[in-house]
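These protein sequence lines are chains A and B, in that order.
With numbering that gives the first Met the number 0, the residue at position 26 of the first sequence is 25, and numbering never jumps.
With numbering that gives the first Met the number 0, the residue at position 296 of the second sequence is 295, and numbering never jumps.
Hints listed in this document are in silico derivations from the structure and should not be mistaken for laboratory results.
Treat each hint with caution, since some may be false.
[Said to hold, decoys possible] Simulated restraints, written as ranges between beta carbons of each label pair:
1. 198(A) / 48(B): 32 to 40 Å
2. 95(B) / 176(A): 27 to 35 Å
3. 236(B) / 261(A): 42 to 50 Å
4. 474(A) / 68(B): 52 to 60 Å
Ideal Cβ placement from N, Cα and C applies to all residues, glycine included.
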Amino acid sequence: MARPRMHKARILVVFAIAVMVLPAITDALAADDATIKVGMRYDISTLNMLEMKLGSDIPAILLMNQGLIVPHPETGERIGLLAKTFQVLENGKKIKVEMYQGARFHTGDPVTAHDVKFTYAECANPKNSNMMAGALDEIEEIEIVDDYTLIFHFWEAYAPWEELMWIGICSKKYYEKVGPDKFRSHPVGSGSLRFVERRIGEYVLLEVADGYPLYSPKGYPGESYSFKYLKIMTIPDDMTRLAMLETGELDLVGEILPHQLKRLNGNKHVKIKKSDQVPSLIGIACLPNTDPLMMDRNLGLAIRHAINRQEIVDKIFLGEGYPLYLYATKAELGHDPSIAYAYDPQRAREFLAKSSYKKGMPLTFTYTSMVPNAPLVAALIQKYLQQVGITVKLQQLEEGTAATYTRNRDKRLGHMRLYQWPGSRDPNLRLWLSVLSTSDYATATNRPRKAEMDALILAQTREMDKAKRAELIRQIHEIMEYDAIGTRLFGLNMIYGMSDRVDYTWTPKEPYYPHLQRIQLLK
Amino acid sequence: MQGYIAKRILIAIFTIFAVMTVVFFVFRLGPADPVAVMLSPNATPQDAENLTKKFGLDKPLIIQYGNFLKNVSKGDFGTSFRFNEPALKVLFERFPATLKLGLAAFFVSVSMGLCLGILSAVKPDSIIDRLGRLLALAGMSLPSFWVGVMLILFFGVTLRWLPIAGRGTAMHYVMPTLCMSLYPIALITRLSRSSMLDALKSDYVTMARIKGVPEFYVIMLHAFKNAAIPVITVIFGLFGALMVGSAVVVEYIFSWPGIGRLVMESYFARDYPVVQIFVIFVTFVVVSLNLIVDIVYAYIDPRIRYQ
Chain A
0 MARPRMHKAR
10 ILVVFAIAVM
20 VLPAITDALA
30 ADDATIKVGM
40 RYDISTLNML
50 EMKLGSDIPA
60 ILLMNQGLIV
70 PHPETGERIG
80 LLAKTFQVLE
90 NGKKIKVEMY
100 QGARFHTGDP
110 VTAHDVKFTY
120 AECANPKNSN
130 MMAGALDEIE
140 EIEIVDDYTL
150 IFHFWEAYAP
160 WEELMWIGIC
170 SKKYYEKVGP
180 DKFRSHPVGS
190 GSLRFVERRI
200 GEYVLLEVAD
210 GYPLYSPKGY
220 PGESYSFKYL
230 KIMTIPDDMT
240 RLAMLETGEL
250 DLVGEILPHQ
260 LKRLNGNKHV
270 KIKKSDQVPS
280 LIGIACLPNT
290 DPLMMDRNLG
300 LAIRHAINRQ
310 EIVDKIFLGE
320 GYPLYLYATK
330 AELGHDPSIA
340 YAYDPQRARE
350 FLAKSSYKKG
360 MPLTFTYTSM
370 VPNAPLVAAL
380 IQKYLQQVGI
390 TVKLQQLEEG
400 TAATYTRNRD
410 KRLGHMRLYQ
420 WPGSRDPNLR
430 LWLSVLSTSD
440 YATATNRPRK
450 AEMDALILAQ
460 TREMDKAKRA
470 ELIRQIHEIM
480 EYDAIGTRLF
490 GLNMIYGMSD
500 RVDYTWTPKE
510 PYYPHLQRIQ
520 LLK
Chain B
0 MQGYIAKRIL
10 IAIFTIFAVM
20 TVVFFVFRLG
30 PADPVAVMLS
40 PNATPQDAEN
50 LTKKFGLDKP
60 LIIQYGNFLK
70 NVSKGDFGTS
80 FRFNEPALKV
90 LFERFPATLK
100 LGLAAFFVSV
110 SMGLCLGILS
120 AVKPDSIIDR
130 LGRLLALAGM
140 SLPSFWVGVM
150 LILFFGVTLR
160 WLPIAGRGTA
170 MHYVMPTLCM
180 SLYPIALITR
190 LSRSSMLDAL
200 KSDYVTMARI
210 KGVPEFYVIM
220 LHAFKNAAIP
230 VITVIFGLFG
240 ALMVGSAVVV
250 EYIFSWPGIG
260 RLVMESYFAR
270 DYPVVQIFVI
280 FVTFVVVSLN
290 LIVDIVYAYI
300 DPRIRYQ
């Protein structure tokens, strides 16, 4: 009888040791003092600035490659980084840039105006399929005055020129020496971190480049590093990413959804921060090309007043957002917080009665997983619209299919579509792409004041006076609000979590993990 | 036998070619356009045009197919739209991770499944048999994404015994391997148990026992050898299934940088060349395994090759 008991006791001892020892081993594996680990949903498609395709590529590229300007990490305002001064000449047709002397690539070569010209030319080159190529068409040529001075010549005055100046500068000399393949696999920049290793689908490892940047631009708080390596890890599954944050296997995770907060708040090793100043814009696009009925202003007004935006924010996003009325994010030029519409179902019914909508006619409302909690948002919108007498049929599409339908203005997209705009600080590109009637992506190509709207969009692009430009943008919003083709719903707070061994604060107005080099290691 | 093998190889080549053609057209005839998927919302129509030309998608479909076949004959399976590198290189960079995980899961599945199946059959209604049946039921009915999440929450977050995702140490293999092997263990356990039960009831096993052959030899040499044929088919097919089916879900949940996750991401990004090479590669693996099974069958059972 004694032997089975002994056996049981041994099993218990082994189990107890395992309970005590294994967590220590895994914690030791997770906590590597020299390395900060950041978890991202999407894989970085390239580290080559010249071939950059996606927003998810930006954070790693801008850690290695510095731009002429950079957002101030605390205020979000643009300040010079490689550029010392900017001079607007000929009413915006030319921008003269004087660069700091002393900036060097990780190869030791100086960063000069020749590198700037090379980088912009390659980014605009169609063979590189760079996401900035279209926007860079505004530049006619880049003139080199001397090694540290250059002039951007624009075809016409270009008010949002700052939106083109963040591009990370690459070394022309290095590119010519190693060729495109090695340049792609072993990128070299002048930033505060240098490339160490990349495993596609797994991680990108960057190392603090001691002594970089080699100068302190005016107004920039500078960098102080408390870590040696930064590892940007691709963890596609939301649940896995958060579990890794909880166990300390990751130090920083962004884009946390509100319903995930309850679990994280209970973990004393996880710190949560929030910002309502990160661009976010979610709305409903009405699609008149599917049915001209969607141009009916009274129907648009009925939809606008039927939706309880605050309730969507409170119920689905647990208050971690804010109602949005204008076609502009909070971080954007032209955003006017005083514009709001009341949630008024009675008024919505009155507008609907005046519209040409026939009772019982189903309007197809399309959504994709691009918008967080999209099925819940769509169901609530359906409920609101049905309460005022609009029949809504929901249609969920895969993102790729919806993107193709949108681009081709395919009728299968339905009458209305839920969209999310990743956001920026200047509305110019979005207005050109989604509002200008001649754009491939415009949803309303035949609005009543089309000519006036198109002229305003063009004028705000060319207006260099900020106050006058803001007034033109206000007029654009005024027309959009009057036409009521589509409506805006809400913006979401950026919720990001970090382990208790680090501290990090998101830069306002920046949508993509800005300034990761500023993560502070506390322990 | 040679004629039989030659016929099988010809069928295999035709199968691969047919799959290649179907895959090419199915992806391109689908509603989504890779350029629209790949471009950021900030991209201009000019960017879209540039990408379309770069990927050769501006040409008629039949010409694209002709170019595809011409390039394949030269060993060029195209350039990944996303990574801007040869699709074959992208696939083979990720393949070792899947192979390692697949082999680990294969080893665990086969060893556990066979042991449980044989023991269950030899001692029906014993505790082992009941446990085996319970495990088989659970393995068959629990979806791997749910099992994966539960493993992460229990062993990773609550107990903190195991690292949650990624790779690097032997500990990183434990959860994905368990998650990947659960279904195959169930399948092999059930199959080997039922085959063994039939074999153990047969006359030749009774005869072996009457002759006084030790029980271990009766089970392994007389019963199991004859019960193995259907199990072998499943085991070989299983390896392909592990590499294709389970890998997609398991690699996604555990952030395992293998080809399963690659193909899932590539599909959503409409990265045709990568998805195509994946399907061609998997077809090649499955067809090759089936070919081996056919040959092994013919070797084990002469009646097959004479048919």
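Each hint tested on the structure:
no., hint, result
1, 198(A) / 48(B): 32 to 40 Å, "33 Å, holds"
2, 95(B) / 176(A): 27 to 35 Å, "31 Å, holds"
3, 236(B) / 261(A): 42 to 50 Å, "44 Å, holds"
4, 474(A) / 68(B): 52 to 60 Å, "56 Å, holds"
The structure fails none of the hints (numbered hints given earlier).
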